[in-house]
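Listed in order, the protein sequences are those of chains G and H.
Just so we're aligned: the first sequence equals residues 516 to 615 in our numbering.
Just so we're aligned: the second sequence equals residues 1162 to 1346 in our numbering.
The hints are simulated quantities; they were obtained by calculation from the structure and are not laboratory data.
Each residue gets a CB set at the ideal place from its N, CA and C atoms; glycine is no exception.
Misleading hints may appear alongside valid ones.
[Claimed, not checked] To give an idea of the chain G side of the interface with chain H (calculated C-beta under 8 Å), a few residues:
1. P518
2. L550
3. E551
4. N555
5. K569
6. Q574
7. I575
8. A582
9. A589
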Amino acid sequence: MVPISYYLGLSAILFVTGILGVLLRRNALVIFMSLELMFNASNLLFVAFSAYYKILTGQIFVFFVMAVAAAEVAVGLALMVAIFRTKHSVDVDQVNVLKG
Amino acid sequence: MSSGVIIFGVLAIVAVASAIGMLISQNSVYSALFLVVNFSVIAVLYLILGAPFIALAQITVYAGAIVVLFLFVIMMLGTERLTGSGPIRGQRLIAILVGAVFLAEVTVFLIWRSGLTGVITPSATDLSTPVSIGNALFTTYTLPFEATSLILLVAVIGAIVLTHPEQSISRKQTLKTVQKKETRG
Chain G
516 MVPISYYLGL SAILFVTGIL GVLLRRNALV IFMSLELMFN ASNLLFVAFS
566 AYYKILTGQI FVFFVMAVAA AEVAVGLALM VAIFRTKHSV DVDQVNVLKG
Chain H
1162 MSSGVIIFGV LAIVAVASAI GMLISQNSVY SALFLVVNFS VIAVLYLILG
1212 APFIALAQIT VYAGAIVVLF LFVIMMLGTE RLTGSGPIRG QRLIAILVGA
1262 VFLAEVTVFL IWRSGLTGVI TPSATDLSTP VSIGNALFTT YTLPFEATSL
1312 ILLVAVIGAI VLTHPEQSIS RKQTLKTVQK KETRG
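Bound conformation, chain G alone (with noise of 0.2 Å):
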């Protein structure tokens, strides 16, 4: 059986990796993803702990993560197709212009 630690850590890896997606790609449709990443990453360890202490409540937990999740994507990706179609570009560097 699996320690919970090697969930732990493969967990933190992935979130890792999340932030890393977030802070170096320009690609705003590529940042969105690496949120969905970190998502997951958080929802393997609600299910993991929810395995390991025998309670269902981690998963429900996921499961309105998921829910929620879905919600941030359509309405992400709504405000990519708007931004899009001002700046022709979804260059996270070409929204500036709110920019002080």
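Starting from the known structure of chain G, arrange chain H on it as the hints suggest.
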């Protein structure tokens, strides 16, 4: 080393490799496809952890709906390859530094809290059948469940409003022109 650890190791390697592939591939369609691999591997991990409902929800919601939405938007906007400027000077170094700090933090936490060295054992009773999850959703968690439906509704309306601004404006304009013609006539 038990067979469970070996299976976990293989799956973990595939998950991390696909995540890194998503991070470094220049074509964002490839990024989305790497994301599908990553989500599927994590769904298999959910199955191993004894959460079949969450695993299949992961496949349908993430690997199905969300990635298809991503691919749709990527191909609709035609932004497969982004030839923009590179990251801000020194940003790559800072990003890797921040990631390393976070990883070190988790490692320190692992060593420090030795109480977390336990092993995940399969539960004797079937803990997370779809029936028990449905029972929990519709008894204990009814309010958040209904709030989720509201969130999804608001998200759908928001997405529609955000993606169709020109159409509503042009409709107003045509309405105005029609009204002007009517007043003239």
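E551(G) as chain H interface residue, shortest Cβ-Cβ below 8 Å: E551(G) check passes; min Cβ-Cβ to chain H is 7 Å, inside 8 Å.
Hint status (Cβ of A589(G) to nearest Cβ of chain H, threshold 8 Å): Holds, because the Cβ-Cβ distance from A589(G) to chain H comes to roughly 5 Å (cut-off 8 Å).
Satisfaction of the L550(G) interface hint, Cβ to chain H closer than 8 Å: This hint is violated: L550(G) lies away from chain H, its Cβ roughly 11 Å from the closest one there, beyond 8 Å.
Closest C-beta approach of K569(G) to chain H relative to 8 Å, hint status: holds, 5 Å
Evaluation of the interface hint that places Q574(G) against chain H, nearest CB under 8 Å: holds, 5 Å
Interface hint for A582(G), Cβ within 8 Å of any Cβ on chain H: Constraint on A582(G) satisfied, holds at 5 Å.
Interface hint for P518(G), Cβ within 8 Å of any Cβ on chain H: Holds: closest Cβ of chain H sits about 5 Å from P518(G), inside 8 Å.
Closest C-beta approach of N555(G) to chain H relative to 8 Å, hint status: With a minimum Cβ separation of about 5 Å from chain H (threshold 8 Å), the hint on N555(G) holds.
Hinted contact I575(G) with chain H - closest CB pair below 8 Å: holds, 6 Å
The structure fails to meet hint 2 from the earlier list, while all remaining hints are met.
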